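Residue numbers (full-length UniProt numbering), protein chains in the order written: chain A, 1 to 199; chain B, 1 to 199.
In short, the hints are calculated from the structure, not lab data.
Note that this is a predicted model, so its numbers are computed, not measured.
Any given hint could be a false lead.
Which copy is meant is left open, so a pair is good if it fits within one copy or across any two.
Each computed SDA-like pair below joins lysine to any residue, with the alpha-carbon atoms no more than 25 Å apart [said to hold, decoys possible]: (1) Lys71 / Asn129; (2) Lys112 / Thr100; (3) Lys81 / Lys102; (4) Lys189 / Gln159.
There are 2 protein chains.
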Amino acid sequence: MDLLKKKIREEGVVLSDSVLKVDSFLNHGVDPQLMDAIGEEFAGRYGDESITKVLTIESSGIAPGLMAALKLGVPMIFARKRQSLTQSEGLITSKVYSFTKKEENTISVSGKYIHEGDRVLIIDDFLANGQAAWGLIDLAEKAGAEVAGVGIVIEKSFQDGGGNLRQKGYRVDSLAEIESLEAGRIKFKEDKAAEANLS
Amino acid sequence: MDLLKKKIREEGVVLSDSVLKVDSFLNHGVDPQLMDAIGEEFAGRYGDESITKVLTIESSGIAPGLMAALKLGVPMIFARKRQSLTQSEGLITSKVYSFTKKEENTISVSGKYIHEGDRVLIIDDFLANGQAAWGLIDLAEKAGAEVAGVGIVIEKSFQDGGGNLRQKGYRVDSLAEIESLEAGRIKFKEDKAAEANLS
Numbered sequence: 001m002d003l004l005k006k007k008i009r010e011e012g013v014v015l016s017d018s019v020l021k022v023d024s025f026l027n028h029g030v031d032p033q034l035m036d037a038i039g040e041e042f043a044g045r046y047g048d049e050s051i052t053k054v055l056t057i058e059s060s061g062i063a064p065g066l067m068a069a070l071k072l073g074v075p076m077i078f079a080r081k082r083q084s085l086t087q088s089e090g091l092i093t094s095k096v097y098s099f100t101k102k103e104e105n106t107i108s109v110s111g112k113y114i115h116e117g118d119r120v121l122i123i124d125d126f127l128a129n130g131q132a133a134w135g136l137i138d139l140a141e142k143a144g145a146e147v148a149g150v151g152i153v154i155e156k157s158f159q160d161g162g163g164n165l166r167q168k169g170y171r172v173d174s175l176a177e178i179e180s181l182e183a184g185r186i187k188f189k190e191d192k193a194a195e196a197n198l199s
Numbered sequence: 001m002d003l004l005k006k007k008i009r010e011e012g013v014v015l016s017d018s019v020l021k022v023d024s025f026l027n028h029g030v031d032p033q034l035m036d037a038i039g040e041e042f043a044g045r046y047g048d049e050s051i052t053k054v055l056t057i058e059s060s061g062i063a064p065g066l067m068a069a070l071k072l073g074v075p076m077i078f079a080r081k082r083q084s085l086t087q088s089e090g091l092i093t094s095k096v097y098s099f100t101k102k103e104e105n106t107i108s109v110s111g112k113y114i115h116e117g118d119r120v121l122i123i124d125d126f127l128a129n130g131q132a133a134w135g136l137i138d139l140a141e142k143a144g145a146e147v148a149g150v151g152i153v154i155e156k157s158f159q160d161g162g163g164n165l166r167q168k169g170y171r172v173d174s175l176a177e178i179e180s181l182e183a184g185r186i187k188f189k190e191d192k193a194a195e196a197n198l199s
């Protein structure tokens, strides 16, 4: 997705060989037009998949998840990382370890809003080691729903989350795949393909 | 806003005289079409206000905030309740007590994304005692920005947040104002006006 990659190139900040900061347009500041385009892209890719729900996780998955759900014409549900005081009955939970925040969270979703018969598109902002994605898949499957695929805004292809998910047979659509952040440079997976085409 | 009030009447669950649960369409499950209409409504009300940024707070403010920002053609920023490990320089902070979660949070926003010259529309899902709204106003004003108004999806008019904000001269636009939740019944402020018109 060229618009997204352009934005990552222009505004992404490489903090280390494994950390890319995109808080100007994705997970603190949010570019609504870009989210609109991202939603359109996911809807285009999953338009024939009979999706009935988009499932994401607070907080940074909500913006791309909402736009995908809007374009697909289905409800969105965001899993919570912490339990709400007004949310209790029929809770489905899963444990997720966050390497970024160095803590384990129990994520949860109400069984009222996702259940047997649902075909779920999971959306998240980043895919790195895959912890959040596995947690969301676990929630959906515990609820009796079927996971149609995992839609990711930015995949760090140099970490093993995406590879593991695909190996287990899950469809993963990442709109930007980053092959390396070494030496402060953002190298997209497609850059390599483009280079190969030139030779 | 009739569409919103219809949804509240049909799906809102009164948990006590002060707690209304709307997690089927606003703060767990999210109805994207309704968020779209809510964004349109806020954009209509603030279209002439030269808004440059929408400021909201994770997590439940993100969906209505994003749609308002999309319709106004401006970026959205969501304040964080907890500090991200990749977010540090130029942080502006404010303390907010959550009566729902019974804890004090330090909310924060990066000074890079909101600053002098900005005209800010603050958006949140609920307005009750006003703690979150005051926290967001504090962040915007500490950043040197001007607060054009506070846009709220559901105001509990029987709590004093909205009254205090208006008394201090802030413009507050609430799309649904709930006058009472007594006896398990959702009574909108407008219901009274409508009743008065009938007499």
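Now for the hints, and whether the structure bears them out:
1. In this assembly of identical chains, Lys71 and Asn129 lie within 25 Å of each other by CA distance neither inside one copy nor across copies; the values are 28 Å within and 35 Å between.
2. In this assembly of identical chains, the alpha carbons of Lys112 and Thr100 lie at most 25 Å apart only when taken from different copies (22 Å versus 30 Å within one copy).
3. Taking the shortest Cα distances, Lys81 and Lys102 sit within 25 Å of each other both inside one copy (14 Å) and across copies (17 Å).
4. Only within a single protomer do Lys189 and Gln159 lie at most 25 Å apart by alpha-carbon distance; the minimum there is 13 Å, versus 53 Å between protomers.
Violated hints amount to a single one, hint 1; each of the other numbered hints is respected by the structure.
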